[in-house]
Structure formats: C-alpha cells, structure tokens
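Kindly generate the complete structure, drawing on both the sequences and the hints.
Listed below, chain by chain, are the residues.
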Amino acid sequence: MIARDIGEVILKVEEISLAFGGVQALSNISFDVREHEVRAIIGPNGAGKSSMLNVINGVYHPQKGSVTFKGEKRTQMDPHKVASQGVARTFQNIALFKGMSVLDNLMTGRTLMMKANLFQQAFYWGAAQREEIKHRERVEEIIDFLEIQSIRKTPVGRLPYGLQKRVELGRALAAEPTLLLLDEPMAGMNVEEKQDMCRFVLDVNEEFGTTIVLIEHDMGVVMDISDRVVVLDYGKKIGDGSPDEVRNNQAVIDAYLGVAH
Amino acid sequence: MFYRENGQYKTSYKADQALFPIVQDRIFIGLVMVIAFIVIPVFASEYLFRAIFIPFLILALAAIGLNLLVGYCGQISLGTGAFMMVGAYAAYNLAIRIPELNLLVVFLLAGFVTTIVGMAFGIPSLRIKGLYLAVATLAAQFFMDWLFSRVKWFTNESSSGAVSVPELQLFGFLWNSPVQKYFLVLCIVALFALIARNLVRSNIGRSWMATRDMDVAAEIIGIRPMYAKLSAFAVSSFFVGVAGALWGFVHLGSWEPAAFDVNRSFTLIFMVIIGGLGSILGSFLGAAFIIFLPIVLNQIPAFFGIPISTATAAHLESMIFGALIIFFLIVEPHGLARLWAIAKEKLRLWPFPH
Ligand SMILES: Nc1ncnc2c1ncn2[C@@H]1O[C@H](COP(=O)(O)OP(=O)(O)OP(=O)(O)O)[C@@H](O)[C@H]1O
Ligand SMILES: [Mg+2]
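These protein sequence lines map, in sequence, to chains A and B.
Residue 1 is where the first sequence starts when you use this note's numbering, and the numbers rise one by one after that.
Residue 1001 is where the second sequence starts when you use this note's numbering, and the numbers rise one by one after that.
No lab work stands behind these hints, which were simulated from the structure alone.
Computed from a predicted structure; not experimentally measured.
Chain B is nowhere near these chain A residues, computed Cβ spacing over 10 Å in every case:
hint : residue
1    : V23
2    : S50
3    : Q63
4    : Q76
5    : D144
6    : E147
7    : I148
8    : G162
9    : M189
10   : E192
11   : R199
12   : E207
13   : D227
14   : D233
15   : P243
If the Cβ cut is set under 8 Å, some of the chain A residues that face chain B in the computed set are:
hint : residue
16   : H80
17   : S84
18   : F97
19   : K98
20   : T111
21   : L112
22   : M114
23   : A116
24   : F123
25   : Y124
26   : I133
27   : E137
C-beta: ideal position from N, C-alpha, C; glycine also.
This is the structure we're talking about:
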C-alpha cells in the first residue's frame, strides 16, 4: 500500500495472561509488531484490547508472559521506564492534563529529554533556559503538523473533544517515540475529524517512520490504514494477519456477528 | 489604560517565554514593586509594618510554598504550621549554637532542615491520596507540637518550648527598626516568589501539574511519580521552613510551639483556596485577604456608628470566613487569582464582548 520498508520485529508479546480477580482479561496472547508498520488490534467491547496496551507500556503487570521491545525482554517494568525506551501512547478516555495549556501538555512530552537541574530551573538560567527554547521549537513543529496553532495557549479542558484527541496525539509525538500506541484515536469523532486523524496517523508513520499499534472499532479505517491486524475476543486471540486474511477469517466473522461460543 | 495583547507580536520563542510576556503585566509588576519598595517605606507607620506588612509578606511566602504542593502538585497538606515550626526552631538552634553564622545563612539552612522533614512526611504520598494523605500530614502537626514542647534539647532547655531570639544582626548592623525588617522580608519574599514562578514554568513545574491532573498519563509520558511528588514536598517545605524562620525571628521575636499550631495550618490552607490554587499571585491575594479581612470587619461597624463587641466581631469573622471558603470551593476553586484573570480577559476584549 505505501512505500515503506517494513523492518524487523521490534515488539514481541509472548504468552501474556492477565486476570482481574475472576475476569480473565487476556489469555495466552502472543503476537509481534514489525518496525515501521501499522498494526491494528480489533475486537468486540471488553475483548481485552486496552488491557493489552496497558501491558505493553507497563501499567498492568501480567501474571504470565513477557514483552520484548527492541530486543530487551521483560516481565515487569514501570511505565516511566517503558517511556524512556521510546514508547508513547494515547488513551481511550482522553488523559490530558486538563489544567495546563496545549503548549504545556506538549512540552511534558519532552520531559525525558530535559536535563537542567532544580537550581537552573529555579533561576531559569543556563541549561534551563536553553532547553526550554530548544524544545519549544520542536513542539512548535508538532503544533504546525497537527494544525493547532491557534489554540496553543488554551487550557485543554476548554477544548472540544475532537481537538483534545488531537492534542493528546501531539503530546505523544512530542516524545518522539519509536513505538506509538493509539487507543481508539478516532472514537467519537465525526467523519471529517476521522479523516484528519487518519491522515495524521499515516503521516506520522510515513514521515517519522514511527511504528504504530492502533486500536480501532471503525473497520473501514482499520482495513485502510493497517498493515496487519490482531483480533481479540474475550481475552483470546482469534485472528492475526493482513486485513484481507482477517476479514475472511470465520472465527472473526462469528465474533463480530455474535455467534454463541 | 488598556490591557491588550494585540499588536504585541513575539518574534522569538524566547520573548514568548519571558516571565511576563504581556507589556501591561510588566507594567503592573513594576508598579507593585515601586509601591512595595518605595511608596510603602516612605509613607507607612511603624504600626502598619509590624501589624500588617511584615506578617502579610511572611504568610504570603508560606502560602506560596503550600500552593506549590497543593495547587500545583495536587498533594494535600495539613501540616504547614508544623513545617513552619520546624523552620523556626531549626533557625533558633542554628543561631544560638553557631552564633557566627550569618542570619541569611541561618534562614537558608533552616529551610533545608525543613526540606528534609517535609520530604519524610511526604513519603506517604507515594502510596496514599486525598483524605488519607491529609491525615498523615496532620500527624506531622501533632508530632511537632509534642517534639518542641517536650524535647528540651531543641528549645535550649526552656520550659514548654518558649524561646526568644536576640536582636537581628546582619552584616554587622542591627536590623531592628520595623522598616529595616520590612525590607529584609520584602527582598527575601520577592526573590522566592520569582523562584516559584520560574519553577512552575519549567520542566519540574509541568511535572507537578501533570501529576496533579492525571498521574497515570504523567507516568506514561516519562514523569517519575516519586520524583515529582517528593520534589514538590521538598521545595514546598523549603519555602514554608524559611517562612517559619522569618515568622519567629522577624515577626515574633519570641514564641512557643502554639504560635505554629494547627490553626496556622488551616489559615494557610484557607489563604491558598481563597487566593487561588495553582497561582503564585493568588498566594499573595489570599494572604492579603486573610490579613485585611479582620481589620476591615472591625472598622465597618465603627464606620457606620454601630456598636459591636469584639466578641461579636470575632464570631462574624469566623462566619464570613466559613462562607467564603464554601463559596470559593463551590463556585471558583481557582480563587481571587481566577477572578483577576477573568477581569483581565474581559478587559482584553473590551469594548467588543465577542
Ligand atoms: N483495571 C481493571 N480492573 C478490573 N477489570 C478490568 C480492568 N481493566 C480491564 N478490566 C476488564 O478486562 C476486560 C477487558 O477490558 P479492556 O478494557 O481491555 O477491553 P477493550 O477491548 O479495550 O474494550 P473496549 O472496546 O470497550 O474498550 C473487561 O472485562 C474489563 O472489565
Ligand atoms: Mg478499550
């Protein structure tokens, strides 16, 4: 579809099992993600998609299984460590910093690259000032890319839903991740907003080469923009392959049509 | 004069990130500085310095410290009085045990001692939130009350923790007139306010606010929650500790632990709420409000010729306080500072409302 070089496996999830009390959110899930690809995770409500992302970036600690990212294998890791490996993410229910401006939200995305110490920051002196300006320039590029120049000083709590989703993508991009996890970035949007968001996701993937794992309910979108698709249902993997393969997979069709298990 | 942003184009990010990017704000701050450094010293009476300006400035400093923790980082603390107490007694011990120390160094070291104590009491914040954290910090209050009234070593063997400090000496001069004390406090508070302002517009301030607004998302973007919370406790306690030292040395001169009791903690919380959570300016407004309200309430009945007993006035004061706290919590949690911002926004658009 697009002229990108899909590379080696960058993320490998092996035999992940996760339970909350009696609820088995994920059972024995394995799949991999290749460098520069757009990998979709689909499945009915409650299938365990968001839980899977939470396992990947360390919010949930699975009872069993491992995650290997860039060759480094782990069973447990704190979210901020995962972030420092180059993983960023957006949430199904927007998780922006409501009291802060768009600009400040995006600047938090740069936090791992900021090295000035407390005293330099206290006097806004030396490295603190230099960094602030340098990262502001990068953040402004992202603001331009996402076409949100006019709202840069607005507190995000005052923005409409669609724009908040865009700002949240911006915050993740500000971290310049190698792996970007997007949890239903187009949910609740109108057609026009969806098209914009699709364009941004594809541009990120093509221009920056960012690897993307995407959860999405809109099948049209999934089929259009993803290279490979994982299908979850009741915490189990029931399909994995190209959009066409998945579309013709009987188990997947049954899951979506609600055939009894 | 109009409060306008249009026509003021920033040609660099440096200009846009200046402390006060809008010209009118710079003029406002300049005016405040002129009033604080020139007009007040020239015209104010000794009584005004002692009863109003000096306590106002010191409490504003403590309120800024508390606001960094509560308003910016979202961690509740009911132990501010206790941390002021630590600052005051730390300064006292340093001053009498090492008399050669410069007084400014004493205040700074007192701040550092309070930082360590504050961080220790901030550790529970890594596990608990809200009401539970409030109770944990309240424990600091009772612990310090006990410590300084019972452990004689800290109070140089004085009974019930009552101590007094010698006259203020700095750089070989006596600083005992009210106007000198006022200048001393003013310089320290102005510097600390600037530091606070710098911190909240820097990376560390953003990590506090991110932790306050959405801690899971903050961690996922790479902010270590432990670092964010403990650094907020540390910086906040430093401010509060220095304020405590100033309160003891400059404002009171002699004191006992009751000067920093739980009422002090609550008063500071009220200042921060009324002034505006998450605003440095608000910390000043809140402190001013709480210092001036009783004075105004005392004057109003006399002004209208209504006889009113001091007891009634005190009751009235509590009632009005209570009502205002509830008003601000429900209607305007960002306090006076937010009302000020709204007024500026209106002015910016005036006379065209849209
Ligand atoms: N923190 C949690 N505590 C308890 N149960 C949870 C938790 N997170 C997820 N679950 C449960 O795990 C299962 C999978 O949830 P998950 O949010 O991963 O589904 P999903 O595929 O993202 O669904 P949706 O399409 O509705 O977003 C659900 O049954 C959910 O109730
Ligand atoms: Mg979900």
